[in-house]
Amino acid sequence: MTREEQALLKLYRNLSRGRREGLIDYARYLEGCEPPKDQISEKVDIPRPEEESVVAAIRRLTSSYPMLERTTLLDQTTGLMAQHLMQGREASEVIDQLEELFQERYGKFLQQQTEPVDK
631 MTREEQALLK LYRNLSRGRR EGLIDYARYL EGCEPPKDQI SEKVDIPRPE EESVVAAIRR
691 LTSSYPMLER TTLLDQTTGL MAQHLMQGRE ASEVIDQLEE LFQERYGKFL QQQTEPVDK
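FYI, the numbering used here numbers position 111 of the sequence shown as 741, with every residue one higher than the one before it.
Keep in mind the hints are simulated off the structure, nothing from the lab.
One should not assume that every hint holds.
[As the list claims (entries may be wrong)] In silico EDC-like cross-links for lysine to aspartate or glutamate, where the CA-CA straight-line distance does not exceed 16 angstroms: (1) K673 / E734; (2) K738 / E699; (3) K738 / E672; (4) K673 / E729; (5) K673 / E699; (6) K673 / E730.
It should be emphasised that the depicted structure is a prediction, and the values quoted were computed from it without experimental measurement.
Build the full structure now, drawing on both the sequences and the hints.
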């Protein structure tokens with residue numbers, strides 16, 4: 631086992647059961663961070679449920695915005711997820727910020743789609 635794997639295992643063992651489940655969910659999300667196969671430009675409207683976890687919100691938003699390259703969102707979503715898991719920031723606040731992030735990136739995506747391509 632590498633040092634990084636040992637460090638991750640140590641951190642995992644020090645977490646509560648609920649946080650462990652959150653960490654596993656988040657690791658699964660990260661594992662699936664690959665660019666979308668089909669470039670779809672329309673947003674899929676998936677309503678936000680009243681009660682939603684941060685991981686579920688990230689899944690919902692990536693499904694709502696399949697045209698966005700997930701790797702470009704990775705740093706910010708990781709930071710927000712860490713604020714929730716490690717610093718105890720309220721899920722609803724983090725989800726609000728995630729929604730703003732995805733909407734902003736979608737706006738930029740649409741703008742790039744309408745800009746003329748230089749020859």
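Structure-based check of all given hints:
| no. | hint | result |
| --- | --- | --- |
| 1 | K673 / E734 | holds, 13 angstroms |
| 2 | K738 / E699 | holds, 12 angstroms |
| 3 | K738 / E672 | holds, 13 angstroms |
| 4 | K673 / E729 | holds, 13 angstroms |
| 5 | K673 / E699 | holds, 13 angstroms |
| 6 | K673 / E730 | holds, 14 angstroms |
Hint check: no violations occur; every hint is consistent with the structure.
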